[in-house]
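S.K.: As a plain string of letters, each chain reads:
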Amino acid sequence: MKKKIISTILCASMAVSMFAGCGGNTESTASEGTAEETAKDETAAAEESADAEGAAETAEGGKVLNIYCWNEEFKSRLTDHYPGYTEIDATSGTIGDVTVKWNITPSDDNAYQNNLDATLLKQADAAADDKIDLFLVEADYALKYVDTDYTMAVSDLGIDLAEFDNQYQYTKDIVTDSNGVLKGVSWQGCPGALFYNREAAKEILGTDDPAEVQKAVADWPTFNATAEKVKAAGYSMVSSVNDTYRVYSNNVSSKWVEDGKINIDANIMNWVNDSKALVDAGQAGTHELWSDDWSKGFYPEGKVFCYFGPAWLVNFSMAADSEGSIANLGGWGATEGPQGFYWGGTWICAAAGTDNADVVKDIMLQLTANEEIMKEIVVQDDDFVNNKPAMEAMAEDASYQSKVLGGQNPLSMYCAGAGKIDLSNQSAYDQGCNEEFQNAMKNYYEGNASLDEALELFYTAVQEKYPELTH
Amino acid sequence: MKGNKKAVRYNKWGYIFLIPFIMVYVVFQFIPMVTTIYNSFFENYMSGLTQIGPRFVGLENYKNLFAQGDIGLYMKNTLVMWIICFIPQILLSLLLGAWFSDVRLKLKGTRFFKTVIYLPNLIMASAFSMLFFTLFSDGGPINSLLMQIGFISEPYKFLSNVGSARGLIALMNCLMWFGNTTILLMAGMMGIDTALFEAAEVDGATSTQVFFKITLPLLRPILVYVMITSLIGGLQLFDVPQILTNGTGDPMRSTMTLIMFLNKHLYSKNYGMAGALSVVLFVITAVLSLIVFKVTGNDKRKG
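Protein sequence lines, in the order shown, are assigned to chains A and B.
As numbered in the numbering used here, residues 4 to 474 make up the first sequence, in order.
As numbered in the numbering used here, residues 26 to 328 make up the second sequence, in order.
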């Protein structure tokens, strides 16, 4: 009898562990079958609802405003500058009687987009309070969302497009779909600059005056020559060769993908050659951006001469809040660098099917067209806002000083840069191509592969991400 | 005949008790498996937010999979990393298992140590690899330590060299799994009749002789079982290299395992290619399982 009881218990526990064990790995496979079918239906449904919503515009306000984004930046902008936003806790707040729900998924490993895609595809069937109302996109993949019916045209929200006349044209180009309809807005402009370590500049170049430093980095040959001097003084020119990548990749003359074929622009190849030389001479590392090794240069011990980045890099990413960092001590200087570029930027898009169109409309207007609020953002957060006259006025204003830049007013430099940004060579594949290109070339720089092998690896990796492409 | 009908029959209870298992198996294992095979014959992926396919393409996915020629490389990576993890692991486990199960040694606190060596297995693989990533990064503590004691003058790029990158992955897996293997082997060793050990002792065998002439041969079925389960686990190696190399399998994809390759296809939700790869993996695993079934099931000497 005892034996029987024991064996029953054993059987039961086995069955339970079967349940537990099987649950995890099968979920994904089980959903495979259904996903394909539902995806089709939903595309159709979403189209319908997009049309319906567009016509209905701001009917009745919903109770919950769902915001999808990948970090705290937009949240802090809304908390600090949007009139009427009250924070409840880290993931929620209120605007009037509407509850704001933050759904923050980091961008690592494409997690943000995976989450957003899955939710957008279900948008048509979701309950009103669960529908995405507002989501953020980055320039690299903006077209992926903008060029679909999942994103609502800005004019359908009841906004007069003339409100945005003061915005920089390129910020509108990024979120304009193939039919010429504007589908998103941004409060920031992201013209880039070269941020140099003032201490290092004094030591190496004998001056930390932006105009003088600019002469040492005016174009790529001079930049690379300076790198030698910098190396001799015990500094790296840039933390990682990936720092300079955007500067080259924004000045391309062809798209990543032309007629379904992967295409590597000549300027990208310049990056490869220049970077290989920098790495071989020990003047730059090969770390990935945002890694710990990369951000060591935010502190004086990191011994990095310069970083390339837009306004938000200094304000948001360079450890300005931590004691002892260069940004905290106001030790960075800004200058134009070898070529103009932009990096990132965040666009606000309204999801088709939103039940809070009026709130979304107001957020867009307040943050991206209200000059008062935008000026406040510049002063408090060192951001570069998307408002031409306001920025130009502030560039003239001697009283405006950036703390992290040691009192320099970099705005005139950004203003000049923002006007020059040209986005005619963007494609929906940019994000995948940029990432994989840098990953693949790392092998070449570190001597683990020849250039051809690294290029081959790049093609393989891109085709895994975008099976429809050829090379 | 009549008598048969009247006799109480318990057969139906057998079937009733089987229902939960069958149901769980069909819903969570069998149906997904069949749909995976079914999916592997279709071109079916997402380009951005647009669905491409599903379109029946026959064996096209399998052809692509093998035509690219990379699957062989990933298979090799997986096996190499498994071997350099498994050999030290089995040696260590055998040694510890022999010590723990040896009655003559009268080791104190074996229960404590058994728990301790099992502990690394309880840490999440991702947390463990993040820890190693930080420890062995170019400017990490290991490099500073080695530079301070004057062992190297430049930071050694552990994750940019094939040997060290694979070695690290193997080391982590070894650390995580040797406790588990030790416990399995120990269970096998304790199942051996102590009379045999005593007889050997009476005959004057040394402990080395006892280990090689008695313990090892009698442990064979368990050893084969451990090896095959470890191999199947090794084929599914994913979390550690994925986190450690940030999904790139650097340098030059020399640490990219089969499952990491599978994961690459999920970026575009490419169910066709992922399905084909899964089927290939399924076949390999099935063959290995058949081997273990034959080897342990046909061992007549046990009976």
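Bear in mind the hints are in silico, worked out from the structure with no lab data behind them.
One or more hints might be untrue.
[Stated by the list, open to error] In silico DSBU-like pairs for lysine-lysine, Cα to Cα no more than 30 Å straight-line:
(1) K88/B <-> K232/A
(2) K234/A <-> K306/A
(3) K364/A <-> K391/A
(4) K88/B <-> K234/A
(5) K279/A <-> K232/A
(6) K182/B <-> K299/A
(7) K88/B <-> K468/A
(8) K468/A <-> K182/B
(9) K88/B <-> K306/A
(10) K264/A <-> K468/A
S.K.: For every hint, state whether the structure bears it out.
M.R.: Hint check results:
1. Under the criterion of a C-alpha separation no larger than 30 Å, the hint pairing K88/B with K232/A is inconsistent with the structure, at around 54 Å.
2. At most 30 Å may separate the alpha-carbon atoms for a hinted pair to count; K234/A and K306/A meet this at roughly 10 Å.
3. For the hint linking K364/A to K391/A, the alpha-carbon distance of about 21 Å falls within 30 Å, and the restraint holds.
4. Taking the CA atoms of K88/B and K234/A, the gap is near 50 Å; set against the 30 Å cutoff, the hint is violated.
5. Proposed proximity of K279/A and K232/A is supported: the alpha carbons are some 18 Å apart, at most 30 Å.
6. At roughly 16 Å between alpha-carbon atoms, K182/B and K299/A fall within 30 Å of each other, so this suggested pair holds.
7. Simply put, K88/B and K468/A have alpha-carbon atoms about 18 Å apart, close enough for the 30 Å limit, and the pair holds.
8. Between the alpha carbons of K468/A and K182/B the distance comes to roughly 28 Å, so the proposed pair stays at or under 30 Å and holds.
9. This hinted pair does not check out: K88/B and K306/A have alpha carbons roughly 51 Å apart, beyond 30 Å.
10. Restraint check for K264/A and K468/A: satisfied, since their Cα atoms lie roughly 14 Å apart, inside the 30 Å limit.
Hints 1, 4, 9 from the earlier list are contradicted by this structure; the remaining hints agree with it.
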